[in-house]
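So the sequences go chain by chain: A and B.
First residue of the first sequence: 1, per the working numbering; consecutive thereafter.
First residue of the second sequence: 1, per the working numbering; consecutive thereafter.
It is worth saying that the hints were derived from the structure and are not from the lab.
Certain hints may be false.
A pair counts as met if it fits within one copy or between any two copies, since identical chains are not told apart.
[Claimed, not checked] Derived lysine-lysine pairs resembling DSS-like cross-links, with alpha carbons at most 25 angstroms apart:
#1 LYS125 x LYS28
#2 LYS205 x LYS164
#3 LYS157 x LYS239
#4 LYS236 x LYS225
Since we're looking at a predicted model, the values are computed, not measured.
Take a look at the letters that make up each chain.
There are 2 protein chains.
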Amino acid sequence: MIDFKTDSFQPGLSVDCVIFGFHNNELKVLLLKMKNLDFWALPGGFVGKDHGVDEEANRVLESRTGLTDIFLRQFYLFGNVGRTSTEHLDSLEAQGLISSDNVSWFRKRFITVGYYALVEYSKVKQPTVDDISERCDWCSINELPEMMHDHLDILKKAHETLKKELNYQPIGINLLPQEFTMPELQALYETILEKPLDRRNFRRKMLGYEILINTDKRRTGVAHKSPNLYKFDVKKYQKAIQGGLSQSW
Amino acid sequence: MIDFKTDSFQPGLSVDCVIFGFHNNELKVLLLKMKNLDFWALPGGFVGKDHGVDEEANRVLESRTGLTDIFLRQFYLFGNVGRTSTEHLDSLEAQGLISSDNVSWFRKRFITVGYYALVEYSKVKQPTVDDISERCDWCSINELPEMMHDHLDILKKAHETLKKELNYQPIGINLLPQEFTMPELQALYETILEKPLDRRNFRRKMLGYEILINTDKRRTGVAHKSPNLYKFDVKKYQKAIQGGLSQSW
DNA sequence: ACAAAAGTGTTATTTCTACACCCATGC
DNA sequence: GCATGGGTGTAGAAATAACACTTTTGT
């Protein structure tokens with residue numbers, strides 16, 4: 001149940017995080033299932049009067065994933081009147097998920113700041129529920145459950161933003177484990193861009209950026225020819241994305 | 001003086017507009033000078049409880065410029081604690097610009113949503129002051145006056161965003177008069193990008209997009225060889241920027 | 001006539017796209 | 001040994017970057 005001193009928070013303001021991970025060649029987001037209800041929500045929180053909005057987004061990210069120092073970017077403010085669903089609030093209230101002291105605060109008009117985060121899937125050992133959810137799971141962005149309020153719109157917009165920023169943000173370095181194969185990196189790009197890329201051209205272009213280091217190791221144990229393992233040259237990566245990698249995927 | 005029923009507004013939330021215009025080959029922004037004070041502010045406003053944030057930004061834009069149906073985009077939420085300046089608020093209050101009933105409301109922590117607008121300079125016949133300003137003027141972004149709160153940061157971020165979106169947004173069509181010359185269009189691009197472009201390559205590339213119509217008229221009366229007048233093919237322009245014009249200026 | 005800006009083409013370089021065969025591994 | 005995915009090169013097309021002279025106009 002949510003029960004807190006509402007007067008220490010900015011009224012009508014929340015943050016919501018779209019936390020992206022990459023696993024089994026699928027782009028996933030971390031979602032919360034509301035207790036005893038059939039809809040899910042983005043991990044979110046409220047903004048303390050003495051806390052910056054970015055700071056609160058980081059706090060949300062850390063409470064759900066246990067991770068700190070994660071790539072996290074604000075991408076849009078959702079400020080329409082009526083973006084929250086009265087029906088969903090009714091359900092939350094009916095399930096006793098909102099303290100009666102907080103009900104009127106929750107029912108007010110809310111705007112929310114959207115953030116997206118890129119995390120290494122395997123680093124999230126224990127996705128943690130919040131007070132009103134019963135599960136915290138990775139969901140493939142191709143099969144999303146019913147979502148609270150306008151959270152599906154928020155998620156869609158986050159994905160759009162990710163696509164646009166692919167060449168300007170350290171996408172790979174945050175979503176992949178430290179060592180990875182070229183096909184894995186390509187699959188990540190294909191998943192984000194939602195289109196297939198040519199294997200040879202992709203490899204040539206990636207290597208051309210000179211941001212990868214060949215570890216001279218190979219991934220063994222998996223089927224077929226064992227692929228080479230690469231890692232990012234962090235310094236060069238940082239420098240390269242400053243000006244944006246070259247365009248047109 | 002500002003004096004209104006604060007309880008019909010979202011507390012701690014404002015919108016600020018960076019209104020860009022282009023004149024004399026310079027990129028300009030519309031700013032307000034506070035009455036009897038030596039600092040300027042971005043045109044801004046508050047968000048009514050029953051009004052969308054975008055809607056309020058449009059209202060601000062219309063009240064300062066008299067224009068409707070203008071290109072206006074949200075670009076960032078400024079949510080740091082301490083982004084407003086106590087000293088500036090002191091000054092406003094000392095000048096009697098804030099009604100005593102509103103003072104405590106104004107002194108609270110505020111976040112603001114940044115919007116940028118692109119307007120045709122000559123269409124703004126009468127930049128209109130608001131209740132606490134004495135002038136509303138175009139300022140070149142190269143010589144900006146002292147600004148209130150974090151408004152300079154907001155302006156800088158707007159300019160950055162404009163640069164990035166140059167190939168994705170109908171920049172020219174909104175900032176230039178209906179008919180314009182190729183050198184004018186080039187100067188606009190050079191100003192936004194803050195770097196010189198090759199005249200021949202620029203022309204070839206622009207014409208290659210097939211979004212311009214040669215009017216077969218010339219600008220006369222100005223010195224030197226009279227340049228050709230072009231206008232945008234609106235439909236083609238709209239279509240072209242959907243996928244983004246090709247990159248790498 | 002002259003100063004200043006507008007108009008115009010070509011070439012070398014780079015980047016992009018499309019495409020097919022061999023190799024290594026686990027089963 | 002075979003099915004599967006990993007690795008590799010080349011050639012044609014397109015885009016980009018660099019560069020100089022002529023034309024028009026107002027003064």
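Report task. First find the shortest C-alpha distance between LYS157 and LYS239 inside one copy, then the shortest across copies, and answer within, between, both or neither for a cut-off of 25 angstroms. Result -> Result: close only across copies, 20 angstroms inter versus 27 angstroms intra.
Query raised in the report: 25 angstroms Cα cut-off: does LYS236 pair with LYS225 within a copy, between copies, both or neither?
Result: So LYS236 and LYS225 fail the 25 angstroms test inside a copy (29 angstroms) and across (48 angstroms) alike.
Report task. Since the copies are identical, ignore which copy is meant and state whether LYS205 and LYS164 lie within 25 angstroms (CA to CA) inside a copy, between copies, both or neither. Result -> Both. Shortest intra-copy (18 angstroms) and inter-copy (22 angstroms) distances satisfy the 25 angstroms Cα cut-off.
Query raised in the report: Between the shortest in-copy and the shortest cross-copy C-alpha distance, which are at most 25 angstroms for LYS125 and LYS28: within, between, both, or neither?
Result: The answer is within: 15 angstroms in one copy meets 25 angstroms, while 51 angstroms across copies does not.
The structure fails hint 4 only (numbered hints given earlier).
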